[in-house]
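Knowing the structure of chain P, use the given hints to seat chains C, V, R and E on it.
Chains as they are written, first to last, in the numbering used here: chain P, 120 to 455; chain C, 120 to 455; chain V, 120 to 455; chain R, 120 to 455; chain E, 120 to 455.
The set of hints was computed from the structure by calculation and includes no laboratory data. Just to be clear, a hint being listed does not mean it is correct.
It does not matter which identical chain is meant; a pair holds if it fits inside one copy or across any two.
[Stated by the list, open to error] Straight-line alpha carbon distances no greater than 35 Å define the calculated DSBU-like cross-link-like pairs of lysine-lysine that follow:
| # | residue 1 | residue 2 |
| --- | --- | --- |
| 1 | Lys288 | Lys268 |
| 2 | Lys299 | Lys149 |
| 3 | Lys288 | Lys316 |
| 4 | Lys288 | Lys381 |
| 5 | Lys313 | Lys381 |
| 6 | Lys142 | Lys294 |
| 7 | Lys288 | Lys178 |
| 8 | Lys313 | Lys288 |
| 9 | Lys268 | Lys316 |
| 10 | Lys313 | Lys299 |
| 11 | Lys142 | Lys299 |
| 12 | Lys381 | Lys178 |
| 13 | Lys142 | Lys178 |
| 14 | Lys268 | Lys294 |
| 15 | Lys299 | Lys183 |
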Amino acid sequence: MTVTYSSKVANATFFGFHRLLLKWRGSIYKLLYREFIVFAVFYTAISLVYRLLLTGAQKRYFEKLSIYCDRYAEQIPVTFVLGFYVTLVVNRWWNQFVNLPWPDRLMFLISSSVHGSDEHGRLLRRTLMRYVNLTSLLIFRSVSTAVYKRFPTMDHVVEAGFMTADERKLFDHLKSPHLKYWVPFIWFGNLAAKARKEGRIRDSVDLQSLMTEMNRYRSWCSLLFGYDWVGIPLVYTQVVTLAVYTFFFACLIGRQFLDPTKGYAGHDLDLYIPIFTLLQFFFYAGWLKVAEQLINPFGEDDDDFETNWCIDRNLQIRKELQLGYLLQALAQFLSY
Amino acid sequence: MTVTYSSKVANATFFGFHRLLLKWRGSIYKLLYREFIVFAVFYTAISLVYRLLLTGAQKRYFEKLSIYCDRYAEQIPVTFVLGFYVTLVVNRWWNQFVNLPWPDRLMFLISSSVHGSDEHGRLLRRTLMRYVNLTSLLIFRSVSTAVYKRFPTMDHVVEAGFMTADERKLFDHLKSPHLKYWVPFIWFGNLAAKARKEGRIRDSVDLQSLMTEMNRYRSWCSLLFGYDWVGIPLVYTQVVTLAVYTFFFACLIGRQFLDPTKGYAGHDLDLYIPIFTLLQFFFYAGWLKVAEQLINPFGEDDDDFETNWCIDRNLQIRKELQLGYLLQALAQFLSY
Amino acid sequence: MTVTYSSKVANATFFGFHRLLLKWRGSIYKLLYREFIVFAVFYTAISLVYRLLLTGAQKRYFEKLSIYCDRYAEQIPVTFVLGFYVTLVVNRWWNQFVNLPWPDRLMFLISSSVHGSDEHGRLLRRTLMRYVNLTSLLIFRSVSTAVYKRFPTMDHVVEAGFMTADERKLFDHLKSPHLKYWVPFIWFGNLAAKARKEGRIRDSVDLQSLMTEMNRYRSWCSLLFGYDWVGIPLVYTQVVTLAVYTFFFACLIGRQFLDPTKGYAGHDLDLYIPIFTLLQFFFYAGWLKVAEQLINPFGEDDDDFETNWCIDRNLQIRKELQLGYLLQALAQFLSY
Amino acid sequence: MTVTYSSKVANATFFGFHRLLLKWRGSIYKLLYREFIVFAVFYTAISLVYRLLLTGAQKRYFEKLSIYCDRYAEQIPVTFVLGFYVTLVVNRWWNQFVNLPWPDRLMFLISSSVHGSDEHGRLLRRTLMRYVNLTSLLIFRSVSTAVYKRFPTMDHVVEAGFMTADERKLFDHLKSPHLKYWVPFIWFGNLAAKARKEGRIRDSVDLQSLMTEMNRYRSWCSLLFGYDWVGIPLVYTQVVTLAVYTFFFACLIGRQFLDPTKGYAGHDLDLYIPIFTLLQFFFYAGWLKVAEQLINPFGEDDDDFETNWCIDRNLQIRKELQLGYLLQALAQFLSY
Amino acid sequence: MTVTYSSKVANATFFGFHRLLLKWRGSIYKLLYREFIVFAVFYTAISLVYRLLLTGAQKRYFEKLSIYCDRYAEQIPVTFVLGFYVTLVVNRWWNQFVNLPWPDRLMFLISSSVHGSDEHGRLLRRTLMRYVNLTSLLIFRSVSTAVYKRFPTMDHVVEAGFMTADERKLFDHLKSPHLKYWVPFIWFGNLAAKARKEGRIRDSVDLQSLMTEMNRYRSWCSLLFGYDWVGIPLVYTQVVTLAVYTFFFACLIGRQFLDPTKGYAGHDLDLYIPIFTLLQFFFYAGWLKVAEQLINPFGEDDDDFETNWCIDRNLQIRKELQLGYLLQALAQFLSY
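Just chain P, with the same shape it has in the complex (with noise of 0.2 Å):
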C-alpha cells in the first residue's frame, strides 16, 4: 500500500522533516537494513583482518591499497548518475500513476447518455461498464504482480463477474500471440453502436462522445502496458548499478581506518566506526532504492500502487452505480 505521510508534513514545522526519520513502513531503513548488515560485515571483517592477521609488510601494502581505492571512490560520479536516472525514474513513476485507467469519466457517461429505466437499458447500462472493467483489469493483470496472483487465470476472471461464459468463448476463440486487451472495446464499440440504432443513445453527438472518452480510456491503457513493456533500457540500469557497487566496493576498502602511527594523509584518527562512510551507504543506496522501488511501480513494495485496491473500488462503484441511480430519482423528487 502507498505510503501517504503528507498529512504529516503539512505545515513546515520547526525540523520538520525529523519526524519522517522515524518512521519504519516503507522507510529507508526497512528497505535497506539488509543490505546494510551485509555491508557493514563485509567492513568489519576487512577491518578484523586488516587489524589482526596481516604481518607488517603485508599491513603495508594493504595500507597502499586502501589509499588507492579511497582515491578513485571519489572519482565514481555516482552523485550525478543517480541524479539523473532517479529523475528519468520518477518522472516515468509519476507518468504511471496519472495514467492509471480510472472509470468515472465513462461511468458518468454513460449514466446520462444511455436511457431507459427498464431491465433492458439496466442490463446495457451494466454491460457497458463490465466491458470497461474488464478492459483495466487485463492490462493490470498483465502489468502487475499483484492482480496477477489474484486473477492467475481467466477462470478466476469469469468467476468475479467480469466476464460471462459465451464471452470467454469469444475471447479465447481470438488467437493472438498478442496481449488481447483491446477485444472488451470492440464489443464496447458494438453494443454502443447497437444501443444507438435502438435509440437508446439518442444521437451521434451522444454516442461520439462515449467512444471518445472509451478512446481515451483505451490510451491509459495501452500507456500502462507501454511502460510496462519498454522499460528504461537495461544498459542504463546497469550502468547506474555497477557505479554504485564500485563505488561500495572500493568503500570497503578504501574507507578503513589506517594505523595512526603512520601518518598518512586523513589517517590521523582510528574511529572503528566510520560513521560517515556508513551515512553514506544510505544516502545512496537510498537513492538507488527509490529507482528500485519505482521503476516497477506495479508490485508489492510497501510504496506500489493499489492495483486491487482500484478494481475493488471500480467495482463498487459499478455497483453503486445502480443503487445511486434509483435514490437519486428519489432524492430529486424531494428537492423540487
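Chains C, V, R and E alone, transformed into the frame defined by chain P:
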C-alpha cells in the same frame, strides 16, 4: 496566505533582490530562526567545551576529529541531492496549483446552456452549481488541513448550505471504504440528463459540452486527490533529510575553530563566529525548507494555497451569478 | 520592449555570438554597471586600506582572513543553486508568454459564427469583442505595472471605450473582495445565449464552439493571474540571493592580492586588478539578473513583455475586423 | 526485440538490482565487450612497452607524460556532458515510443460509425482500415531499417495486400521529391466523404469524429517522420563522442601504473590490472551506449522498437475485426 | 539543409559513433575550424614570445601570470552554465520544429468537408488552401532569412501565386504597425462562412471542425512568431558567451608550457602542442556552437530547418490535391 512579492520585483533594478532579503512574512528567517538558534547553541556549546573543559590530550584528539568531520562534510553531496529533490517538489507543487478546481468554466456553461428564467430554472442552475462546489469542498476537506478544521464533520457541510439534508441521507447511505467525492457528480449528471429530457438543456451538443466540462472538473479534483494520496516516496524524502542533517551534524564538529598555534592547515585564524558555516546553514536548511513548505501546499504555512479563500470565492461567485444574471438582463436592455 | 536579437544570430558564423557582446540595450552591462561600480569601489577601498593603512601585524591578520574567506567562497554552491533556480524562472517566464491571452481565435469565431450584416449584428459582434478585450485589460491591469500606470482607475478604462458607463455601474455594484476579471465573461456568455435565442448564432454547435473558445481564453487569463498571485516561494528566492550576495561579500576580502613576498600559496603575483574576480562577478550577478528580469515579466524592463503593445494590437485588430469585413465582402465579389 | 525486465524488479528486494547485472541479452556486456577488448589490448600494449622496452630516460619521460595525461583526464567533464546528452536522447526516445501510430482508436471508430452489414459495407470498412495501415507502413519503411528490409520495394507492399495494383499506379503517378506517406490519407478522406454521401456514415458528427481521429493518426506519423528527419544536431553528438573518446585516450596513458619506487604521488602501488579505470570504462562507455542505442530506436538493436511486430499486430487486429464482428453479433444475441 | 544521420546509427555497433566523427557537413570541424585556427595562432604567438623574446625576469613574471590564469580558468563554471543553457536552447529548438505549420490536416478537412465538384467548388477549395499557405508564408518571411531572401517584397508573394492582386490591395489597405499574418485567416473564416451559407459546407459541425483546425494552424503560426519575437533573454546569452570566451582567454595564457627546469607543479613536461587544451576548445566551443546553431533554426546553417523546402512541399501538396482528387474518383470506381 500566499506571500505575493512579484510586484516588488517587477523591474530589475539596482541590487533588485536585496529588498526581498528584508521581508519577514514567509521569509527564510521566520521559517528558520528556531533551527538556527538550536544550531548556534550546539555549536557554541561544543566550542566552549573544546576551549575551556578539555585537557591538552583531549584537545588534540578533538582537533583530529574535527578535521576528520570537516573532510567528510565536504564529501556529502548536499547541493546535488537538494537540487534534484527541490526541482521535483517544486514541479509537483506548481502542478497542484494549476489543477486547483475553479468552477468558473462550469458556471459560464450552466448559465448559458440551462435555460428558463422561472423559479424552477433558477433552482436547477443553482443546484447544479451547488453540486460542483460540493465536490471541490469534499476534495479540499480531504487534502487541506485548514478546510478540514473549518468543516470537521458532514454536519458542517450541510449547515453551510453545500448539501441538503436529503442529499446527506443519500450520501451516508452509500457505504464505502473509499472517499466519496465523486457522488455529487453522479447527481450532477443525472440532473443534467433530466434537464435535457425536460427541454431545459436544448440539445445533445449543449449537454455533452456540459458533461465534458464536468469531467474536466472531476479530473482536477481526482488529480488533487492523487497528489495527496501518492506523495513523493518516503525513501526519497528521508534520503534528502538524512543528507542535510548529517551535513550539519558534521559541521558542528568539523567547522570549529581549532587552536591556530597548532598549525593545522586552514586553521590559522580564530574568528569565534563561523560566519560562513552559519550562512551555509541558511542556504541548505533554507533550501530544504522550500521543499518542506511545498511538499504539502494545503497546510497552513505562509506560502500555502488559501483553500478557504477559494471556497469563499466560489461561493460568492455562485451567489453573484444569480444577482448578476438579473442585472445583466437590465443592462443589455439599456445598451441596445 | 522585448529585445529581439534572433535575426542577428540566424547563422552560426565565425565567433558568432561575439556580436551580441557589444549590444547595450537589454545587455548585461546596462543591467549591471551600477552593481559593478559598487563592487569595484568596495574592492578598491579594502585594497587601499590593506596596502596603505594597516600596520604589519594587522596586515598578517588580514591576510589570514583573506585566505579564510577565499577558501569558503569556493565552497558556496553558487553555480548549482543558480542553475536550478534560473531554470525554474525561465520555464515560468516562457509559460507566461505562451499563455498571454490573444483574442484572435475568439475574433475569428465571432466573425464567422455570429451572423447579421445589419447594424444590430455589427453591434453584437463588436460588444462581444469588447468584453473579450475588457477581460484581458482587467487581468493586465492587475499583473502589469505598465498597464496599471496607463489605466490607474476604472474611469480610464471606461474612457478608453473598453466599458460603457452602464456596464461600469453593474461592475461596481458587485461588491467582492476578489478580483472581478471574470465578470465580463458572464456578460459574454449571456449575450451569446441571447444571440442564439434570436437566431443570430445558428445552432448549439456554433454556440458551444464559441463558449469553448471563451473558456480557453478565460483559462489563459486566470493562469496569468495565477502566475502573478502565486510566485516562486519567497524562501527560494531568498536562498539564492543570499548565496550570491554572500559569495561576493566573501570575494571582496578573499580575492585581494596579498603581499607576494609573504609566500602564501597562490599569491605570487600582485596584479592590482582582479580581472577574473570581476569576470566572475559578471557571470554570477548576470545570471541572477536573468532571474530578476524574468521573475516578473510584466514590469518595465528592457526584456519585459510589452503588454501595452498587446492591448493596442488587440484594439486595432478589433477595429480592422469591422473594416476588413466590408472590404472582404467586396474582394470576394471580385475574385469569383 | 525490446528487453523487458520490469517483472524482475517488481519488488524492491535485497540487493534488488544485482540480478540485472547478470543478464546478457541487451546488457552492457554484450554491447561493450568488443570495445572493452580493444581498450584492454591497447592498455596492455602500452603497459608492456613502458615496463619492458623503454630505457631509463624514456621511462622518466613517459612517467611525466602519464601524470600530465592523468591530470587532464580528470578535467574532461564527461559526466556532465553525458548526463545532459543522455537525458535529451532518452526524452526523444520515449516520445517516439509514445507517438508510435496504433490504429486501434481509428478501428473502433470505423467499426462503430461506418454502417452496413452487407458486402459493400464490409469492403468499405476494410478499405478504410487498409489505408490506415498503409500509411503507417510507409512511415515505418522510411524510419525503420528492419521494416525497410522486409518491404524493400513498393512491389512488396502491394504483394502483402496493403495496396491494390490500381492504387499503386495512382501512387506512382504522383511524382514528388518528398515522401508520399500522406497520400493514403487523402484517399481515406475522400472515401469517408463518399460514405457520408451514401449514408453509410450517418451524419457530420460521425464523419468529423473520424476525420479528427485520422488527423491525430497522421500527426503521430508525421511526428515519427520528424524525429527521423531532424535528429539531435550532429555537432552535439560529436562533442559528446569526442569528450568520451578523448577521456579514454587520456586514460590509456594517464592511468598506467608507474614505477612505485620513483615516489610519484598516488603511484605507490603497482596492481597491473587498473580495476577502477576498467570500471570507469564501463560506466562512461556504457552511458554513451545508452545514447547510441536510443538515438535511433528503429534499428535492429536488442532494445529497439519492434516495428515489424507492430505491423503484424495491426494486420491481425484488422483481420480479427472482421471475424470478431460476426461472432460479437452472435454473442450479443445470447447475452440479452 | 538539415543533416540527417540517424540511419547511420540505427544499430549500436562496435565503436558506433566513431563514424560520425568523420563527417564534414554539419560537423563540428566545419563550424569551428576558423575559431580553432585563431585560437591556435594566438596560442603559438604567446608561446613564441615567452620562449624567444622575454628576458629572464619577464619569463618569471609570465610564469606566475600563467599559473594565476590556469588556477582561475578551472574555477569558471563553463560546463554547468553551458549544460543548463544548451538544454534550454535545445528544448526551444525542438518545440519550434514541432510547431512548424503543416497544412495537411487543414487540407484533408477542406477536401472532405467543402463539397461541389464543379468549377466553383474547386475554386473555393483552392482559395481556402491558398489562404492557409499564404499565412505560413507570411510567418516564414518574418522568421526565416532564407524565405525572406526568396520573397523580399510582397510583389514576389503575389507573383508566386500566393495572393491575388485584389487581395494585395486589401492587404496593403490595412495600415498596421504590427505584423499582418493573421489577415488571410479573417479571409479564410469569412469565405468558409460564405460557403456554409451557400450550402457547400453542409452543417455547423463541418464548419466548426474547419474553424477549430484553422485556429490550431493559427496557433502554430503565432507560436513560431512568438519564438522569434521573444528569444532567450539577451543577458543569459551574454553570460554564457562571456563565460566561454573568458575561459579560452584564460587558457591562452594559463595553459602555456612553462620551463620544466623551474619546477613548477604540473609543469614537468614541455609538449609544445597543448593537446588537451585544444580538445577542450573543441568541447566547449562546440557545445556553444550547438546553441549558436539552434538558437535561430530558421537561418541558413547546415542544421537549420529547410523552410523553403516546406513551402515547396506545401505548394506541391496543394497542386496534387487537385490532381489526386480526380484520379481518386477514378480509382474508387475501379476498386468497387
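These are the hints, each one checked on the structure:
For the homomeric pair Lys288 and Lys268, the shortest alpha-carbon distance inside one copy (23 Å) is at most 35 Å, but the shortest distance between copies (38 Å) is not. Proximity of Lys299 to Lys149 under the C-alpha cut-off of 35 Å is restricted to the inter-copy arrangement: shortest distance 33 Å between copies versus 38 Å within a copy. Only within a single protomer do Lys288 and Lys316 lie at most 35 Å apart by alpha-carbon distance; the minimum there is 26 Å, versus 38 Å between protomers. Taking the shortest alpha-carbon separations for Lys288 and Lys381, neither the intra-copy value of 80 Å nor the inter-copy value of 81 Å comes in at or below 35 Å.
Taking the shortest Cα distances, Lys313 and Lys381 never come within 35 Å of each other, neither inside one copy (89 Å) nor across copies (90 Å). Proximity of Lys142 to Lys294 under the C-alpha cut-off of 35 Å is restricted to the inter-copy arrangement: shortest distance 31 Å between copies versus 50 Å within a copy. With identical chains, the CA atoms of Lys288 and Lys178 are never at most 35 Å apart, being 74 Å at best within one copy and 80 Å at best between copies. With identical chains, the CA atoms of Lys313 and Lys288 are at most 35 Å apart within one copy only, with a shortest distance of 21 Å there and 37 Å across copies.
Proximity of Lys268 and Lys316 under a CA criterion of 35 Å is satisfied in neither setting, with 41 Å inside one chain copy and 46 Å between copies. In this assembly of identical chains, the alpha carbons of Lys313 and Lys299 lie at most 35 Å apart whether taken from the same copy (23 Å) or from different copies (33 Å). Proximity of Lys142 to Lys299 under the C-alpha cut-off of 35 Å is restricted to the inter-copy arrangement: shortest distance 29 Å between copies versus 42 Å within a copy. Both within a single protomer and between protomers do Lys381 and Lys178 lie at most 35 Å apart by alpha-carbon distance, with minima of 11 Å and 21 Å respectively.
Taking the closest pair of Cα atoms, Lys142 and Lys178 never come within 35 Å of each other, the shortest separation being 42 Å inside a single copy and 38 Å across copies. With identical chains, the CA atoms of Lys268 and Lys294 are at most 35 Å apart both within one copy (24 Å) and between copies (27 Å). In this homomeric assembly, Lys299 and Lys183 never come within 35 Å of each other (Cα to Cα): the closest approach is 61 Å inside a single copy and 66 Å across copies.
In this structure, the hints that do not hold are numbers 4, 5, 7, 9, 13, 15, in rising order.
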